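*Asks:* Sequence:
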Amino acid sequence: MGKVTYAPGIQYVKGSLAKPKKVNGHNHGDYLIGTHREAATESTECTRLYIRKADAYKRTTAPGEDELWARNRFTAVAAAVKTRRKDLSHIASDMQAFEAQKNLASGKKTMRAYLWLVCGQEYDQAHPRA
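By numbering that gives the first Met the number 0, the letter at position 8 of the sequence shown is numbered 7, and the numbering carries on one by one without gaps.
A couple of the hints might just be wrong.
In silico lysine-lysine, DSS-like type, Cα no more than 27 Å apart, as pairs [unchecked claim]:
(1) Lys57 to Lys18
(2) Lys20 to Lys57
(3) Lys13 to Lys85
(4) Lys85 to Lys108
Ranges of calculated distance between the beta carbons of each label pair, as one might list FRET restraints [as the list claims (entries may be wrong)]:
(5) Lys21 to Arg128: 47 to 57 Å
(6) Gln100 to Asn23: 47 to 57 Å
(7) Asp123 to Asp54: 31 to 41 Å
(8) Gly28 to Pro7: 44 to 54 Å
(9) Asn71 to Ser92: 23 to 33 Å
(10) Ala55 to Lys108: 31 to 41 Å
(11) Gln95 to Asn23: 52 to 62 Å
Hints listed in this document are in silico derivations from the structure and should not be mistaken for laboratory results. Computed from a prediction, not measured in an experiment: that's the story for all the values here. All C-beta atoms in this analysis are idealised placements derived from N, C-alpha and C, irrespective of residue type, glycine included.
Let the sequences and hints guide you as you build the complete structure.
*Replies:* See below:
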């Protein structure tokens, strides 16, 4: 196992240090990814460095029916939430309903999460899955 030491003043790195550069339709270089473990442990070594091939994150299969459905649902519900947050005819009733449910065990703790729930349920009723 190798030990990673960064320049003075840099304790650790989280994320990508280098990414492949695409030139003329193909990649040059690889991914260089630094990680830092924050979980409690007895080991003093908590920094890792990984190298991944340029095509490591390339999709090998076409999106399936379930994934396409989920993408479409997400897009539609996100747009509905954005619209509903600004709709004056719903703000008062949504705030009241949100306050009533937020302290329940399964209640949503933020207004945005509550609106995602409501708009998601509306979408599911309007677009039943076969």
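*Asks:* Tell me if the beta carbons of Gln100 and Asn23 are separated by a distance inside 47 to 57 Å.
*Replies:* holds (56 Å)
*Asks:* Is the gap between the beta carbons of Ala55 and Lys108 within 31 to 41 Å?
*Replies:* holds (36 Å)
*Asks:* Holds or violated: the 31 to 41 Å window for the beta-carbon distance between Asp123 and Asp54?
*Replies:* holds (37 Å)
*Asks:* Given the hinted pair Lys85 and Lys108, is their Cα-Cα distance within 27 Å?
*Replies:* Judged against 27 Å, a Cα distance of about 19 Å means the pair holds.
*Asks:* Look at the Cβ atoms of Asn71 and Ser92 and judge whether their distance stays inside 23 to 33 Å.
*Replies:* Holds: the Cβ-Cβ distance is about 27 Å, inside 23 to 33 Å.
*Asks:* Would you check the hint for Lys57 and Lys18, treating anything up to 27 Å between C-alpha atoms as holding?
*Replies:* holds (13 Å)
*Asks:* Given the hint that Lys13 pairs with Lys85, test it: the Cα-Cα distance must not exceed 27 Å.
*Replies:* Roughly 37 Å between the alpha carbons, so the hint for Lys13 and Lys85 is violated.
*Asks:* Could you grab the alpha-carbon distance between Lys20 and Lys57 and see if it respects the 27 Å cut-off?
*Replies:* holds (14 Å)
*Asks:* Range hint 52 to 62 Å: satisfied by the CB atoms of Gln95 and Asn23?
*Replies:* holds (59 Å)
*Asks:* Is it true that the C-beta distance of Gly28 to Pro7 lies inside 44 to 54 Å, as the hint says?
*Replies:* For Pro7 against Gly28, whose Cβ atoms are near 26 Å apart, the range 44 to 54 Å is violated.
*Asks:* Between Lys21 and Arg128, is the Cβ distance one that fits in 47 to 57 Å?
*Replies:* violated (37 Å)
Going down the numbered hints, you'll see the structure goes against 3, 5 and 8, while the others check out.
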